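*Asks:* The chain contents come next:
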Amino acid sequence: MELVIKDYTKIIRKVTVLDQINLTLTGGKIYGLRGKNGSGKTMLMRAITGLIRPTAGYVAIDGKKIGKDIDFPQSVGALIENPSFIQEYSAMDNLKVLANLSGGIPEEDIRSILERVGLNAQESKPFGRFSLGMKQKLGIAAAVMGKPQLIILDEPINALDEYTVERIKELLLELRNEDRIILVACHDREELDYLSDVIIHIQEGRIVNDR
Amino acid sequence: MKQLLRNEIKKSMRTKGFFIALCVGMSIGLFQMAWFYKNVYLPNNEEYAQVINAGYEDTLYGTWFETGILQAWMGSEIYSPCNQLFYLLFPLLAALPYGGSLYQEWGDGYAAQMISRCSRKKYFLAKAAGAFISGGTVVFVPLFLNFILTACYVPVIGTDPLSMQAVISNKDMWASLFFEQPVLYAMAYMAVDFMYGGLFACISLAVTHCFDNIFSVIAFPMLFACCLYYGMDSLLPSFRSYNISDIINPAQLTGMNRCSAMSLATAATVLILTLVYCVANHKRDMLKQR
Numbered sequence: 120m121e122l123v124i125k126d127y128t129k130i131i132r133k134v135t136v137l138d139q140i141n142l143t144l145t146g147g148k149i150y151g152l153r154g155k156n157g158s159g160k161t162m163l164m165r166a167i168t169g170l171i172r173p174t175a176g177y178v179a180i181d182g183k184k185i186g187k188d189i190d191f192p193q194s195v196g197a198l199i200e201n202p203s204f205i206q207e208y209s210a211m212d213n214l215k216v217l218a219n220l221s222g223g224i225p226e227e228d229i230r231s232i233l234e235r236v237g238l239n240a241q242e243s244k245p246f247g248r249f250s251l252g253m254k255q256k257l258g259i260a261a262a263v264m265g266k267p268q269l270i271i272l273d274e275p276i277n278a279l280d281e282y283t284v285e286r287i288k289e290l291l292l293e294l295r296n297e298d299r300i301i302l303v304a305c306h307d308r309e310e311l312d313y314l315s316d317v318i319i320h321i322q323e324g325r326i327v328n329d330r
Numbered sequence: 338m339k340q341l342l343r344n345e346i347k348k349s350m351r352t353k354g355f356f357i358a359l360c361v362g363m364s365i366g367l368f369q370m371a372w373f374y375k376n377v378y379l380p381n382n383e384e385y386a387q388v389i390n391a392g393y394e395d396t397l398y399g400t401w402f403e404t405g406i407l408q409a410w411m412g413s414e415i416y417s418p419c420n421q422l423f424y425l426l427f428p429l430l431a432a433l434p435y436g437g438s439l440y441q442e443w444g445d446g447y448a449a450q451m452i453s454r455c456s457r458k459k460y461f462l463a464k465a466a467g468a469f470i471s472g473g474t475v476v477f478v479p480l481f482l483n484f485i486l487t488a489c490y491v492p493v494i495g496t497d498p499l500s501m502q503a504v505i506s507n508k509d510m511w512a513s514l515f516f517e518q519p520v521l522y523a524m525a526y527m528a529v530d531f532m533y534g535g536l537f538a539c540i541s542l543a544v545t546h547c548f549d550n551i552f553s554v555i556a557f558p559m560l561f562a563c564c565l566y567y568g569m570d571s572l573l574p575s576f577r578s579y580n581i582s583d584i585i586n587p588a589q590l591t592g593m594n595r596c597s598a599m600s601l602a603t604a605a606t607v608l609i610l611t612l613v614y615c616v617a618n619h620k621r622d623m624l625k626q627r
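For the record, the sequence lines run as chains A and B.
According to our numbering, the residues represented by the first sequence are 120 to 330, in order.
According to our numbering, the residues represented by the second sequence are 338 to 627, in order.
Bear in mind the hints are in silico, worked out from the structure with no lab data behind them.
Take the hints with a grain of salt, since some may be wrong.
[Stated by the list, open to error] Think about it this way: if two alpha-carbon atoms lie no more than 27 angstroms apart in a straight line, the pair counts; the simulated DSS-like pairs of lysine-lysine are:
1) A/Lys183 - B/Lys620
2) A/Lys148 - A/Lys125
3) B/Lys375 - A/Lys183
4) B/Lys508 - A/Lys215
5) B/Lys347 - B/Lys458
6) A/Lys254 - B/Lys508
7) A/Lys215 - B/Lys339
8) A/Lys266 - A/Lys183
9) A/Lys244 - A/Lys148
10) B/Lys375 - A/Lys215
[Said to hold, decoys possible] Covered stretches of chain A (in silico footprint by chain B; criterion: 3 or more residues with CB under 8 angstroms from a CB of chain B, positions within the stretch not fixed):
11) 165-171
12) 197-205
[Said to hold, decoys possible] If the Cβ cut is set under 8 angstroms, some of the chain A residues that face chain B in the computed set are:
13) Val216
14) Leu217
15) Leu220
16) Ser221
17) Ala261
18) Tyr313
19) Asp316
Note that the structure is a prediction, hence the values are computed from the model and not measured.
Don't be surprised by glycine CBs; every beta carbon is placed ideally from N, CA and C.
Only chain B is shown next, with the shape it has when bound in the complex (with noise of 0.2 angstroms):
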């Protein structure tokens, strides 16, 4: 079982899905930080500068707060439209590496060499870790990389609440975290990005069976969380709460994401997902291959 787990991570992220998931999440990450850094950064800087010179004399001088980390960070910046886009491609970018290795080699017979050498379990649940695994990793790798990248010119400090310029309030989820342990808040959202990335690339396995193409398969999830989105928002708004798009993003742009809401959401997606995997495949017939 080692050996197969070792076999399917080690594919997984040797995919080219996973290197142009890797670019795009990467590029969107670089284009913020230049962004951020042209548009908002130095502006700041400059307004910074003349508000000390001037000194008593101006009248922002004591209400000037300086720019922290997470004012800045890909995950919580909101003045570019690339958190939007990097959440918007979120479950799309988390499928391309592995999600549509089930259908790939369910089609070309590869699967069926696997599972007349080990059993079908081991087989579907390594495919899973590794579709976990390599989805997690391509939304983890350009946020961390942003958050890295952006301390080196941006000071890694907590917003202050006082300014009125941070995107959550002290009323949201883990709002003591943004405001005094930014590197904290940062790395809890990233951890939870990593597993939704897992997840989401897990969704596309679990829903092979049921596409007749690859692109459909690699797509759903972000077919499922758009049609969630705007389901929720606006048919059930009072479970807004539970909204994976919203869950996700670090910016917790709705003010409505809460602990219990994730806890209750993530239990329920692995649940769900879990069955619908497990009773989609154990049967299953290897038939023709495409």
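Extracted from the complex, chain A is given alone in its bound form (with noise of 0.2 angstroms):
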């Protein structure tokens, strides 16, 4: 799979928020997204998934332009800012509501996914009354579920203890192994530095250097 973003440019309200973003992902790395608060951060994970339509530029994959030839990338898991889900459903009902969007994932599947961020697959507490990291895990086993071509994870580290943060990185690490594309954004400079094969600095909607 490969992943190109060409000339890409957001502006919103005459706010530039994504300046000629120029970009090429493919298989088998963790990219890491490095930036201040506002810096696009975000933006550009939306623009990838397809969430945002750009100014001017354009998102391709394995050269099917994003909202042009496909609506969203046809094989992508995202967590972008906070988790949300059925508030009535428990985590197991909320992963079957999704994996039945993307085409049916097996039911156990889903089970071993849920075990491996560290949640109950059996629990029946509804996502309304999740913790903050409990909510953040299930973030997270919604995006990797099902092994998509591309994982978007914006911040997954907030809100886990120490624990789950290593279970995480182990995950994410195997995926890429599995030869997937991953693109993380994360505060933690140390984190970021341990997971990613390419850090990508981003700064007013810009990229100042990759490496």
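Using the hints, put the two standalone chains together into the complex.
*Replies:* Here's what the structure looks like:
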């Protein structure tokens, strides 16, 4: 899989939030997005998932332009900002709903991913009564469930305990080795450096350097 | 798509708004029934007993008419304020279950989850279906329940046109059904109300992007219906037969309901609604979460 962002510019109410972004992301790598609050990290993630439309430029996945050839990336899992699910449903039921939309992921796989992020698949507690950390875990589980080709995680380790952070890191490295494109935004410099193969630095909507 | 539709419909019927709207609608229906029984049906029966006992000596003998179901059903009963209250609140009740759901999901990021797993088109279509069905259900159930309960004590007979007790005249829309097949008349209007309940809920969805709070989104259909009602009443009286507030009321209060006007108004509402909904959401950016 290859994701190309070409001259992507987004202007909202006369403010340029993404300015001439050019990037090529390929499978088997973790890309770390670094930047201050409001620098455009989340906006770039929204652009890649087709949640916002460009003012100029495009995002293409394997040559297919989002918004033109395809409505959204065909195999994507994303956790952008706060995880949100059906309040009355349990973790398992929520993932089942999403799994059905993604073409049917076996129940066993859903169970397994819930266990891996540290949630109990049997628990009937509704999402509305989850703690912040549990919500975050479910958000990550939803994003990586079914092992999509493109995984986008915005601040995935927020509100997680150290033990879970280690498990998530392990999971991401495993997925990277399975040739997935993983894009992670994180304020924790140390964690981001540890996880990422490529760091993309974004500032005022522009990519200032990537290594 | 089937799964998505099923999810949205299921979700729409499990909201707090759904239960609140249903409770309010049914409370009005039950109150109306009790009110009618006490204030109209019982006195009428007493009068009937007197007339019958007096036989030919009573001047009313032969001019007394038995109360029919459509005189007692909330949809077409106008002695109590319940009909007016129910149809005034109709757009609000319809929008309450799921009219604000797009606003909520767009803001909390759930819509992003869905859009990145199915297409925008499918998501918006499923959302509209959920809103339509829940909006229709919350206005249909009180009317239906009231009809059934009323039929338990009022005979299901047509109103005699000579009785002068009918709310509609024989020139009004579906008059023959009203006088001869009251159940069909009620069912036809319940179907119309179900449809308009659904449409009012979809109006809320369509205007979601215009407002910054969920109350305005949910209240908009009621405000719209009121403006339309009073606007047409005072500014365009010749177009009153196109007034949605009149179209949905089986009591046909203005006496201007016409089948052709109803069809035209419905087609125009569906068309405008679809256009606004599609145009507003086709390229709508999903920005900051609330």
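*Asks:* Look at each hint and say if it fits the structure.
*Replies:* These are the hints, each one checked on the structure:
At most 27 angstroms may separate the alpha-carbon atoms for a hinted pair to count; A/Lys183 and B/Lys620 meet this at roughly 18 angstroms. Taking the CA atoms of A/Lys148 and A/Lys125, the gap is about 19 angstroms. The hint holds against a cut of 27 angstroms. Pair hint B/Lys375 plus A/Lys183 does not hold up; C-alpha atoms about 70 angstroms apart against a cutoff of 27 angstroms. Under the criterion of a C-alpha separation no larger than 27 angstroms, the hint pairing B/Lys508 with A/Lys215 is inconsistent with the structure, at around 56 angstroms.
For the hint pairing B/Lys347 with B/Lys458, the CA-to-CA distance comes to about 19 angstroms; that is within 27 angstroms, so the pair holds. With a CA separation close to 62 angstroms, the supplied pair A/Lys254 and B/Lys508 exceeds the 27 angstroms bound. The hinted pair formed by A/Lys215 and B/Lys339 meets the criterion: a straight-line CA distance of about 14 angstroms does not exceed 27 angstroms. Pair hint A/Lys266 plus A/Lys183 holds up; C-alpha atoms about 21 angstroms apart against a cutoff of 27 angstroms.
Restraint check: the Cα-Cα separation between A/Lys244 and A/Lys148 comes to about 36 angstroms, which exceeds 27 angstroms; the hinted pair is violated. With a C-alpha separation of about 52 angstroms, the suggested pairing of B/Lys375 with A/Lys215 is violated against the 27 angstroms cut-off. Counting residues of the region 165-171 of chain A whose CB lies closer than 8 angstroms to any CB of chain B gives 5, so the stated coverage by that chain holds, three being the minimum. Evaluation of the coverage hint for the region 197-205 of chain A: fulfilled, as 8 residues show C-beta separations to chain B shorter than 8 angstroms, against a requirement of three.
Given hint, A/Val216 at the interface with chain B, holds; its Cβ is 6 angstroms from that chain's nearest Cβ, closer than 8 angstroms. Annotation: A/Leu217 was flagged as interfacial toward chain B, and the flag holds, the nearest CB pair being 6 angstroms apart, inside 8 angstroms. Because the smallest distance between the Cβ of A/Leu220 and any Cβ of chain B comes to about 4 angstroms, under 8 angstroms, the interface hint for this residue holds. A cut of 8 angstroms between beta carbons decides the hint on A/Ser221: the least distance to chain B is about 5 angstroms, and the hint holds.
Checking A/Ala261 against chain B by beta carbon gives a least distance of about 7 angstroms; that is within 8 angstroms, so the hint holds. The beta carbon of A/Tyr313 comes no nearer than 27 angstroms to any beta carbon in chain B, farther than 8 angstroms, and the hint placing it at the interface is violated. Proximity of A/Asp316 to chain B is violated relative to the hint, the smallest CB-CB distance being about 24 angstroms (cut-off 8 angstroms).
When the structure is compared with the earlier hints, violations turn up for hints 3, 4, 6, 9, 10, 18, 19 and for no others.
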